[in-house]
Amino acid sequence: MEKLSVVRFVDAYSYNDEQIQDTELPVHRAFGWAEKRDQMVVVRFIKGVSSEVDNPGNLVQGLIIPKTNLVSESKKFDHNLFDGLRAFSKISIKWSDVVFVDNTKLPNPSIMITEGILEKNEEDRLVLKNSKTTRMQPLPERRHHNSDEKYWIIPKSVVLEVKEVK
Amino acid sequence: MNQLIPKFYSGNEPHNLFVEVSFVLSAEKTENCHIYKCFGVLLEESDDLIRVMFSSENKVLNDYRDIKTEDILNIKAVDPDNIEVIN
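For the record, the sequence lines run as chains A and B. Quick note on the working numbering: the first sequence kicks off at 1 and runs consecutively. Quick note on the working numbering: the second sequence kicks off at 1 and runs consecutively.
Extracted from the complex, chain B is given alone in its bound form (with noise of 0.2 Å):
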């Protein structure tokens, strides 16, 4: 497993475990492959690969990307203080 990543809780119903995740696409893997950052909720973390939702409807999963692990760079716990609700 990527030692970059620490273990968070993550449970099968949406809660609100938000997270910045630095990753690279598999397809992309050469020598200059671009990095990209999402930003979402933390849905499952396993060994292989980590649920990361972009969107939901009362609790209902709408968009979200599964990331490899061995594709992830970094991941950090964003406080919710620093979110800004735009309502």
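So that you can see chain A by itself, here it is in the shape it has in the complex (with noise of 0.2 Å):
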């Protein structure tokens, strides 16, 4: 059932600053008709109202939201994942992002991987310096448009696997 609705969550971000700045985690808000699903929250901007545009298949435009990027969700994550992490050394991270979408059906979260050096490691949120970042799924896999930006911080609860590499 759809709802009018206020989403509030947290996304990853980046920046090319040459100096680390603030990284807290800002807190977004998405306005639409939004549905809970499993794992993801869809809240649609824009809708159809006649039948041949409103099909629950797609998605006119508006977000896919993971529900770990929720704000309530935030602060819960697997602790274990991220204690033995070495500041500075190079970690590869698979994450999942947040989808804009435009007129097509509706998709997965996106599953990214970002591989750069762990400048901190923070109460609930990564930065990484000198990363990449490659959408792996859906297919095909390709640079994020901001792959190459000199930080990116990635909140704790939408990882879905780190580890340290050579």
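Worth flagging that the hints you see were computed from the coordinates, not collected in a lab. In this text, a Cβ means the ideal position worked out from N, Cα and C, and glycines have one as well. Misleading hints may appear alongside valid ones.
[Unchecked claim] Taking CB as the label site, the calculated pair distances span:
hint : chain 1 : residue 1 : chain 2 : residue 2 : range
1    : A       : Leu81     : B       : Asp66     : 39 to 49 Å
2    : B       : Asp48     : A       : Leu139    : 38 to 48 Å
3    : A       : Val27     : B       : Leu73     : 29 to 39 Å
[As the list claims (entries may be wrong)] PhoX-like cross-link-like pairs, simulated, lysine-lysine; straight-line CA separation at most 20 Å:
hint : chain 1 : residue 1 : chain 2 : residue 2
4    : B       : Lys37     : B       : Lys76
5    : A       : Lys36     : A       : Lys76
6    : A       : Lys129    : A       : Lys94
7    : A       : Lys3      : B       : Lys76
8    : A       : Lys166    : A       : Lys94
9    : A       : Lys166    : A       : Lys129
10   : A       : Lys94     : A       : Lys76
11   : B       : Lys37     : A       : Lys3
12   : B       : Lys37     : A       : Lys105
Hints are included, so try docking the two chains, each in its own frame, into the full complex.
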């Protein structure tokens, strides 16, 4: 059942300054008709009124938000995943991303991999420097449009897997 | 100006005047054109268009849509008490 909703969530982000800035996770708000599904919330910014357009399998415009991005979930994660990480080591993080949808079939959340130097291991987020970010799913694989930005901040709650790489 | 549109307060800063808007797309304006609805925060209104915000980050505007007033079929304010907050 879709309801008019305000969805509050956190998201990974990047920036390109030379010096590291405040890395707090800002809270985003999305407005629309929201439907909670198993692992995600579908937010429709725009919906069609006629049956040809208003197909539940399609999204005119909106967001796919993994449940792990919701504000209430942003402090819930497996601490064991992050406890052994060494500062300034090179790590690889697999994580789920929010997807902006514009007139396509409903996709699943995107799976991304970010590889870079662990600059900070904060309470609820990892800060990576000199990293590369690639979208692994849906296929085909491709670089994130902000892949080469200097710093990436990734909420721990969206991390699926993390490991050191050589 | 489209007489269906009531005059709302709006300013430059994002505020919480929620609206639901029914509209058509100018490009599709034919006898059988599709009708769309959107929901968001009313950011601006002029004689020519309104701007509806779909997402924001700490008062920073992210996604929005400008809708020509001539394309608007109906617009109504939504009581915040009828909006679910999903955290």
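Hint check: lysine 166/A vs lysine 94/A, CA-CA at most 20 Å. Holds or violated? Measuring from Cα to Cα gives roughly 16 Å; hence the hint holds.
Given the proposed pairing of lysine 94/A with lysine 76/A, does the C-alpha separation stay at or below 20 Å? holds, 17 Å
Take a quick look at whether lysine 36/A and lysine 76/A sit within 20 Å of each other, Cα to Cα. The given pair, whose Cα atoms are some 18 Å apart, holds under the 20 Å limit.
Are the Cα positions of lysine 166/A and lysine 129/A separated by 20 Å at most? OK: lysine 166/A and lysine 129/A at ~16 Å, within 20 Å.
CB of leucine 81/A to CB of aspartate 66/B, is that within 39 to 49 Å? Holds, at about 43 Å.
For the pair supplied as a hint, lysine 37/B and lysine 3/A, is the alpha-carbon distance within the 20 Å limit? holds, 13 Å
38 to 48 Å was suggested as the range; check whether the CB atoms of aspartate 48/B and leucine 139/A agree with it. Holds, at about 43 Å.
Taken at face value, is the distance from the CA of lysine 76/B to the CA of lysine 37/B at most 20 Å? Cα-Cα ~11 Å, so holds.
Given the hint that lysine 129/A pairs with lysine 94/A, test it: the Cα-Cα distance must not exceed 20 Å. holds, 16 Å
Are lysine 3/A and lysine 76/B close enough, with their CA atoms no more than 20 Å apart? The hint holds at about 16 Å.
Evaluate the given range 29 to 39 Å for the C-beta pair formed by valine 27/A and leucine 73/B. For valine 27/A and leucine 73/B the Cβ distance comes to about 33 Å; the hint holds.
Quickly compare the C-alpha distance for lysine 37/B and lysine 105/A to 20 Å and report which way the hint goes. holds, 18 Å
Of the numbered hints listed earlier, not one is contradicted by the structure.
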